[in-house]
Amino acid sequence: GAGVSQSPRYKVAKRGQDVALRCDPISGHVSLFWYQQALGQGPEFLTYFQNEAQLDKSGLPSDRFFAERPEGSVSTLKIQRTQQEDSAVYLCASSFGGRGTEAFFGQGTRLTVV
Amino acid sequence: KNEVEQSPQNLTAQEGEFITINCSYSVGISALHWLQQHPGGGIVSLFMLSSGKKKHGRLIATINIQEKHSSLHITASHPRDSAVYICAVRVRSGGGADGLTFGKGTHLIIQP
Chain S
1 GAGVSQSPRY KVAKRGQDVA LRCDPISGHV SLFWYQQALG QGPEFLTYFQ NEAQLDKSGL
61 PSDRFFAERP EGSVSTLKIQ RTQQEDSAVY LCASSFGGRG TEAFFGQGTR LTVV
Chain V
115 KNEVEQSPQN LTAQEGEFIT INCSYSVGIS ALHWLQQHPG GGIVSLFMLS SGKKKHGRLI
175 ATINIQEKHS SLHITASHPR DSAVYICAVR VRSGGGADGL TFGKGTHLII QP
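Chains S and V, in that order, are what the protein sequence lines are. Going by this note's numbering, the first residue of the first sequence is number 1, and it counts up by one from there. Going by this note's numbering, the first residue of the second sequence is number 115, and it counts up by one from there.
Derived by calculation from the structure, the hints in this document are not laboratory data.
Facing chain V, a subset of chain S residues (Cβ under 7 Å, in silico):
#1 Q41
#2 P43
#3 E102
For every residue, glycine included, the Cβ atom is placed at its ideal position computed from N, Cα and C.
Let the sequences and hints guide you as you build the complete structure.
Shown next, in the form of structure tokens:
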């Protein structure tokens with residue numbers, strides 16, 4: 001597709017369950033970002049990849065959160081042993097270059113932990 | 115204090131009105147983005163600017179680097195403009211996140 005694609009669009013998980021969220025960036029985009037957006041708040045940075053290298057993971061809230069981009073294209077954000085506070089929209093964005101280049105966002109995955 | 119502050123938080127206006135949304139930031143930036151988020155959650159990038167003014171259709175974005183302030187204007191507003199408008203900045207330098215710092219958004223409702 002032409003844009004950033006995320007799946008699933010909606011996910012309901014029972015507390016303690018592991019989840020995996022997928023991001024398919026625009027082809028050829030070097031940079032990939034994950035953001036977490038709580039209800040009524042702006043998105044907050046989680047992690048950043050340049051190709052397959054995870055250059056910054058300072059925003060990941062706990063060691064239950066893990067992201068990978070093994071071949072420098074598709075990325076997966078995994079959350080282990082989900083908690084209710086993990087409920088949020090998870091947004092993925094990609095850009096052709098690094099800093100200063102325009103980011104294109106996916107539709108997001110709305111995660112609800114019950 | 116947030117690094118990016120938007121005002122107003124909520125705005126309801128009548129169709130046809132001229133809309134202004136403001137964004138102030140407290141850090142040195144290399145670029146500022148205006149984003150539009152519809153209820154489904156997806157975000158569309160409206161503008162990326164580092165100086166001056168940009169126009170696209172009924173949307174106008176301005177930035178004053180010295181005053182660390184940007185505005186998004188919507189002329190002849192329409193109900194389909196109803197969305198959350200988010201200001202985001204790319205911090206100029208230093209360590210930390212290589213991404214965007216976001217404001218909390220302005221929830222705009224345009225009534226017919």
